[in-house]
Amino acid sequence: GAVVSQHPSRVICKSGTSVKIECRSLDFQATTMFWYRQFPKQSLMLMATSNEGSKATYEQGVEKDKFLINHASLTLSTLTVTSAHPEDSSFYICSASGGRGLAGYNEQFFGPGTRLTVL
Amino acid sequence: QQQVKQSPQSLIVQKGGIPIINCAYENTAFDYFPWYQQFPGKGPALLIAIRPDVSEKKEGRFTISFNKSAKQFSLHIMDSQPGDSATYFCAASRDDYKLSFGAGTTVTVRA
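Top to bottom, those sequences are chains A and B.
Under the working numbering, the first residue of the first sequence is numbered 1, with each subsequent residue one higher.
Under the working numbering, the first residue of the second sequence is numbered 1, with each subsequent residue one higher.
Bound-form chain A, shown alone:
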């Protein structure tokens, strides 16, 4: 299957600083990338959808100025958490989609996630 990587896997930062998380599709071109947030023992919540070369579309309630998303190439999307606060501590997961595969599905391939802890 297609491989999606995230970097870093874990990050600890001080309150007020900014953190950048990278999401890369390693062996396919991702026309669309999605960013999710997951709290402990909870489901994935979609934060935003980004298409290569376009501005990201944010879900209701997600602050676009706080969570900056850039999808500059077909293999890389970045999520920057600006002026991070302890309540931003969470597990951030990206997924990438490269179009309909052999099975006819527009499958999303998920990255391994990034654990953000804001002190």
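Hints listed in this document are in silico derivations from the structure and should not be mistaken for laboratory results.
Positions of the beta carbon are idealized from the N, C-alpha and C atoms, including for glycine.
Do not rely on the hints blindly, as some may be mistaken.
Stated by the list, open to error - Derived coverage of chain A by chain B (criterion: at least 3 residues anywhere in the stretch with Cβ under 8 Å from a Cβ of chain B; other residues may be distant): (1) 37-44; (2) 110-117.
Claimed, not checked - Think about it this way: if two alpha-carbon atoms lie no more than 27 Å apart in a straight line, the pair counts; the simulated DSSO-like pairs of lysine-lysine are: (3) A:Lys20 / A:Lys41; (4) A:Lys41 / B:Lys98; (5) B:Lys98 / A:Lys66.
For this one, chain A is given, so just place chain B on it according to the hints.
Using the frame of chain A, we list chain B on its own:
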């Protein structure tokens, strides 16, 4: 609001048992129903997916049953093994686009 309702929240089975996880949806525009497996500290991985034009799909030990009229679908894990212990999420989408996830079910398979 949660567009896909998943139950139970957790379940425990003995090795060889068949955990069954159920999901229900309201939006009849949904046309893609995947199931994901997630281990602690990892991202979800696609297990199996189904379209509403079929009532059942099997891949290995995993089976999806789909009831379009009832707007329900379920995952069966045949001959479950301790390595199947994980959290399972159902999801649904329209036109294979944004996924709406269920709340998740934590499955524990005891040896």
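Structure-based check of all given hints:
Only when three residues or more bring their CB closer than 8 Å to a CB of chain B does the claim for the region 37-44 of chain A stand; here the count is 4, and the claim holds. Counting residues of the region 110-117 of chain A whose CB falls under 8 Å from any CB of chain B gives 5; the rule of at least 3 is met. Among the hinted pairs, lysine 20 (chain A) with lysine 41 (chain A) is consistent with the structure: their alpha-carbon atoms are about 24 Å apart, no more than 27 Å. Only pairs whose Cα atoms come within 27 Å are accepted, and lysine 41 (chain A) paired with lysine 98 (chain B) is accepted, the gap being roughly 21 Å.
Taken as a hint, the lysine 98 (chain B) and lysine 66 (chain A) pair is honoured in the structure, with Cα atoms around 22 Å apart against an allowance of 27 Å.
This entry satisfies every hint, going by the numbered hints stated previously.
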